[in-house]
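This note's numbering puts the first residue of the sequence shown at 4, with every later residue one more than the last.
Check the hints yourself; a few may be wrong.
Derived lysine-lysine pairs resembling DSS-like cross-links, with alpha carbons at most 25 Å apart [as the list claims (entries may be wrong)]:
#, residue 1, residue 2
1, K247, K142
2, K337, K146
3, K415, K247
4, K165, K278
5, K310, K298
6, K165, K192
7, K350, K83
Note that these hints are calculated values from the structure, not bench results.
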Amino acid sequence: MAMTKKTIAVSLSSVVALSLVLSACGTGSNTSSPAATTAASAAPKKNVTFSIGYATGDPAGKQAIADAVAAFTKANPNVKINDLSEGGMASYLDWLKTKDAVGEFPDLVEMRDTQLFSEAGKIAELPPEWLALFSDAPKLNGKNWTAPIVGNPPHGIIYSKKAYADAGVTAEPKTYDEFLAIQEKLKAKGITPITFGGKDIFHWGFWVNKYLMDNVFGDDPNWNSKRTKGQASFTDAGPMQAMKDFNELFTKGYVDKGWASTADNQTASMLVTGKAAQLFSGPWMFTQISQADPKFEFGWYPVPDRKGRIIVNGLNNIQGWSISTKANQDADKKAAITEFVKFFFSKDQYSKYLKAVNGISTTKEAITYEASPQMKRVLDVMADSKTIKSLQINAFFGDNQMPPQWRNWYYKLIQEWLTKGDFSEAYMKRADAEWDANIKANAASKK
Numbered sequence: 004m005a006m007t008k009k010t011i012a013v014s015l016s017s018v019v020a021l022s023l024v025l026s027a028c029g030t031g032s033n034t035s036s037p038a039a040t041t042a043a044s045a046a047p048k049k050n051v052t053f054s055i056g057y058a059t060g061d062p063a064g065k066q067a068i069a070d071a072v073a074a075f076t077k078a079n080p081n082v083k084i085n086d087l088s089e090g091g092m093a094s095y096l097d098w099l100k101t102k103d104a105v106g107e108f109p110d111l112v113e114m115r116d117t118q119l120f121s122e123a124g125k126i127a128e129l130p131p132e133w134l135a136l137f138s139d140a141p142k143l144n145g146k147n148w149t150a151p152i153v154g155n156p157p158h159g160i161i162y163s164k165k166a167y168a169d170a171g172v173t174a175e176p177k178t179y180d181e182f183l184a185i186q187e188k189l190k191a192k193g194i195t196p197i198t199f200g201g202k203d204i205f206h207w208g209f210w211v212n213k214y215l216m217d218n219v220f221g222d223d224p225n226w227n228s229k230r231t232k233g234q235a236s237f238t239d240a241g242p243m244q245a246m247k248d249f250n251e252l253f254t255k256g257y258v259d260k261g262w263a264s265t266a267d268n269q270t271a272s273m274l275v276t277g278k279a280a281q282l283f284s285g286p287w288m289f290t291q292i293s294q295a296d297p298k299f300e301f302g303w304y305p306v307p308d309r310k311g312r313i314i315v316n317g318l319n320n321i322q323g324w325s326i327s328t329k330a331n332q333d334a335d336k337k338a339a340i341t342e343f344v345k346f347f348f349s350k351d352q353y354s355k356y357l358k359a360v361n362g363i364s365t366t367k368e369a370i371t372y373e374a375s376p377q378m379k380r381v382l383d384v385m386a387d388s389k390t391i392k393s394l395q396i397n398a399f400f401g402d403n404q405m406p407p408q409w410r411n412w413y414y415k416l417i418q419e420w421l422t423k424g425d426f427s428e429a430y431m432k433r434a435d436a437e438w439d440a441n442i443k444a445n446a447a448s449k450k
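Turn these sequences into a full structure, and let the hints guide you.
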């Protein structure tokens with residue numbers, strides 16, 4: 004129905020009246036003006052400072068984290084991050100214990116000995132905002148304590164293609180005997196087969212765990228709990244074979260004789276300069292090697308066990324970023340740390356980190372990067388359904404937790420028998436005794 008002139012006049016009058024009412028309200032004391040709104044949104048953010056601590060054994064990883072910190076603080080000038088991380092001969096565990104003892108336990112910390120520090124009350128349960136980022140974050144005692152920085156990287160042989168060609172090696176080994184045959188061919192050509200960073204305590208875990216996974220954990224992931232209960236021994240066939248195989252690398256002259264004075268960060272140089280043909284390590288070394296000599300041609304493969312199986316360090320564990328209990332109780336610090344964690348795992352930033360360390364993504368969001376041929380081989384091995392994935396002896400948790408202080412003690416015990424050249428069952432009995440003593444001491448400390 005058409006509107007009359009009178010109706011139109013009334014409508015217009017109503018609109019004008021409503022406009023005047025709204026204008027009057029706009030000048031009231033309870034409503035912010037546009038200028039006030041702009042001023043509020045431009046209010047400076049509160050200045051926050053928190054500390055960070057992480058392992059520095061891998062230069063590429065150290066730099067990648069440092070780059071992430073720099074990028075975050077540039078984008079968030081109100082946040083200051085004190086990097087407490089430092090290199091040195093001390094193990095990362097010992098470094099953290101020292102920091103804790105002097106009251107400098109990091110607010111945001113790369114946690115490796117999670118069970119130890121969670122039970123000591125040093126770290127807090129993950130904030131929900133962190134947990135939402137990951138596809139799989141293993142729990143300890145029903146709680147999540149760590150944000151997995153990277154998927155567990157497998158160790159394997161990084162080898163010089165030239166050295167292999169010079170020694171007449173035409174194919175990668177499909178059995179352990181073929182692997183040993185390669186070592187003999189290299190020796191026969193006067194080429195040192197393997198460089199070994201024995202100066203750094205953590206480097207010992209690479210080969211030691213390879214043989215323990217092959218002979219123990221690949222078949223029995225609950226072996227640690229059996230050892231604790233006295234139902235298994237290091238003198239059993241599996242652990243004895245593991246250490247015999249490890250010992251053989253040295254007694255047969257496959258490992259460079261200067262292992263005791265060679266640091267982990269020197270092994271890449273040893274490889275590219277031809278002082279050794281091979282290095283047993285993880286994919287994080289690929290970047291170091293390429294930086295040392297961009298033209299150096301190298302390959303990577305997992306070492307098969309005596310049954311021809313491929314068993315690698317590849318299960319998710321409870322290591323990663325943790326927030327300290329103290330920082331978790333400070334609302335401002337917790338918020339700033341949470342923002343950094345989100346930034347670190349954001350697609351753009353996390354892809355840079357993964358590329359730098361040749362890492363395996365842990366986030367729900369698919370993260371891809373341009374991988375090298377060597378890293379593509381790693382990813383193929385990890386995706387192969389035949390690959391058996393395990394944890395290293397020190398990475399098990401819950402009932403299968405290794406006494407934390409036992410690991411470095413054991414590595415030093417190995418160095419003792421290698422120096423003396425007298426490996427025997429007696430050393431393995433000492434390993435049992437030390438394990439039991441540590442379990443007893445740890446239980447007593449909790450009472």
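Evaluation of the provided hints:
{"no.": "1", "hint": "K247 with K142", "verdict": "violated, 35 Å"}
{"no.": "2", "hint": "K337 with K146", "verdict": "holds, 18 Å"}
{"no.": "3", "hint": "K415 with K247", "verdict": "holds, 16 Å"}
{"no.": "4", "hint": "K165 with K278", "verdict": "holds, 12 Å"}
{"no.": "5", "hint": "K310 with K298", "verdict": "violated, 36 Å"}
{"no.": "6", "hint": "K165 with K192", "verdict": "holds, 12 Å"}
{"no.": "7", "hint": "K350 with K83", "verdict": "holds, 23 Å"}
The structure shown violates the earlier hints numbered 1, 5.
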